[in-house]
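Taken in order, these protein sequences are the chains called A and B.
The letter at position 4 of the first sequence is residue 128 when you use this note's numbering, and the numbering goes up by one with no holes.
The letter at position 140 of the second sequence is residue 141 when you use this note's numbering, and the numbering goes up by one with no holes.
Hints are computed from structural coordinates only; laboratory data are not their basis.
Source: prediction; values computed, not measured.
There could be a bad hint or two in this list.
Pulled from the structure, derived: some chain B residues nowhere near chain A, Cβ distances all over 12 angstroms [to be verified]: (1) K32; (2) A41; (3) T74; (4) V75; (5) E85; (6) T101; (7) A110; (8) R127; (9) D177; (10) D179; (11) S185; (12) P192; (13) A229; (14) A247; (15) V250.
Partial pick of chain B residues on the chain A-facing surface, computed with a CB cut under 8 angstroms [unchecked claim]: (16) A33; (17) A37; (18) T38; (19) L39; (20) L44; (21) G45; (22) F46; (23) A47; (24) I48; (25) Q51; (26) H53; (27) I86; (28) V227.
Where a beta carbon is used, it is the ideal one built from N, C-alpha and C, also for glycine.
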Amino acid sequence: MIPALGLVIGIVAGVLMQPEVPVWLQPYLPIAVIAALDAVFGAVRAVLDGIFNDKVFVISFLSNVVVAAFIVFLGDQLGVGSQLSTGVVVVLGVRIFSNVASIRRHLFNA
Amino acid sequence: MSSSTPPPTPSPRSGTAWHRLGRAGRPRPTKANVLATLLALGLGFAIAAQVHQTSIEGLENLRGDELIRILDTVDQDGNRLADEIQTLRSSRDRLKSDTTSLAEAQKAAQQRLDSLAILAGTVPARGPGIVLTIRDPEDGVTAPLLLDALQELRDAGAEAVQINGVRVVANTYFADKDGGIAISGKKVTAPYVVTAIGDGSTLASAMEIPGGVTNSVRSVGGQADVQAKDTVTVSALQTVSEPQYARPVPSPTTS
Chain A
125 MIPALGLVIG
135 IVAGVLMQPE
145 VPVWLQPYLP
155 IAVIAALDAV
165 FGAVRAVLDG
175 IFNDKVFVIS
185 FLSNVVVAAF
195 IVFLGDQLGV
205 GSQLSTGVVV
215 VLGVRIFSNV
225 ASIRRHLFNA
Chain B
2 MSSSTPPPTP
12 SPRSGTAWHR
22 LGRAGRPRPT
32 KANVLATLLA
42 LGLGFAIAAQ
52 VHQTSIEGLE
62 NLRGDELIRI
72 LDTVDQDGNR
82 LADEIQTLRS
92 SRDRLKSDTT
102 SLAEAQKAAQ
112 QRLDSLAILA
122 GTVPARGPGI
132 VLTIRDPEDG
142 VTAPLLLDAL
152 QELRDAGAEA
162 VQINGVRVVA
172 NTYFADKDGG
182 IAISGKKVTA
192 PYVVTAIGDG
202 STLASAMEIP
212 GGVTNSVRSV
222 GGQADVQAKD
232 TVTVSALQTV
242 SEPQYARPVP
252 SPTTS
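Required output: the full structure, derived from the provided sequences and hints.
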């Protein structure tokens, strides 16, 4: 509940402050956000599975973000940045969908 | 895959799931929970920042091929718009020149109308000229004398002439009538006041040359008085009647 509140507060703060994303961060932030969302949905699913662990969540969150940013960085260096970004987004999107499907089955038996 | 995970408690499944979710949502002051909250805070902030960034985003963080594609599109758009500008500009120029020539034609037509109207005597005219007053106590002034006077005035460049309120135009004729003169069938009597528009001094000297109008009038016992003025008004009008027999011959070239 507290992390969810944090999420809402973060969104509100971002909307109110209208922050400028630093140039060096601009290519990585979208992918990092998708990766973090994947971690969040994975955490909710883990809660419902009864195997949630705070430490695992924090580590998976951070590693997701770092790995996503690194993949984008590597892709840019290799000249396949856009393709690799698309690939990462597809993979994370599939994971998010499967997590959401699992959550849905837990909560609504459907 | 997750539906196969057995619930740890034997209570009904849906109730358990909501229960577990509620229990997980309960605030626990553990270090990891605080850290997770911070991470969620950062995520929310990042989402909002990225959404904002995307909405104001320019071309900075696009990749090379995307930039090339956009550049191609912009180039094509530019060419298309340049063509359109060319077309529109030429049609504007065409319309403008049409308008100009139309206005010029209208102006020329108006000038022509003005000069023709003055010639035909359908409009009043004003300008420098003379007023020739002929007194005729002995009834000696005849139509030929008045015609001579008119001829002299025209010779001296008179552009509009009226005699006693009768406009003198191309088809004006003079005839003697008892006690006066008929101009185009309208009887006028002495004193005859001839108003003529033209160069005042030329007209006046034309009246006063030896053997001219002044002399002739004096020789028949009358008295002619010429006044050159800066502004005289020829206000008498003549109605134009449709020619009954004469028809214009179409000229092969329009002037």
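Over 12 angstroms from every CB of chain A: does R127 (chain B) meet that, or does the non-interface label fail? 76 angstroms, holds
Any Cβ of chain A at or closer than 12 angstroms to T101 (chain B), or is the non-interface label fine? 54 angstroms, holds
Just checking, A41 (chain B) versus chain A, shortest CB gap more than 12 angstroms? 4 angstroms, violated
Non-interface claim for A229 (chain B), where every Cβ of chain A lies beyond 12 angstroms: 87 angstroms, holds
Does the claim that T74 (chain B) lies off the interface hold, with its Cβ farther than 12 angstroms from every Cβ of chain A? Holds: least Cβ distance 17 angstroms, greater than 12 angstroms.
Just to be careful: measuring from the Cβ of F46 (chain B) to every Cβ in chain A, is the smallest value less than 8 angstroms? Holds. Min distance 4 angstroms.
Is the Cβ of S185 (chain B) more than 12 angstroms away from each Cβ in chain A? 92 angstroms, holds
Hint validation: L44 (chain B) versus chain A, beta carbon distance must be below 8 angstroms. Holds or violated? 5 angstroms, holds
Report holds or violated for the interface hint on G45 (chain B), using the least CB-CB distance to chain A and a cut-off of 8 angstroms. Holds - the Cβ of G45 (chain B) comes within 8 angstroms of chain A, reaching about 2 angstroms at its closest.
Per the CB criterion, is A47 (chain B) less than 8 angstroms away from chain A? Check passed: Cβ of A47 (chain B) comes within 5 angstroms of chain A, closer than 8 angstroms.
Would the hint on I48 (chain B) stand, with a C-beta cut-off of 8 angstroms toward chain A? 6 angstroms, holds
Quick check on A37 (chain B) please, does its C-beta sit within 8 angstroms of some C-beta on chain A? With Cβ-Cβ at 5 angstroms, under 8 angstroms, it holds.
When each numbered hint is compared with the structure, violations occur for hints 1, 2, 27 and 28.
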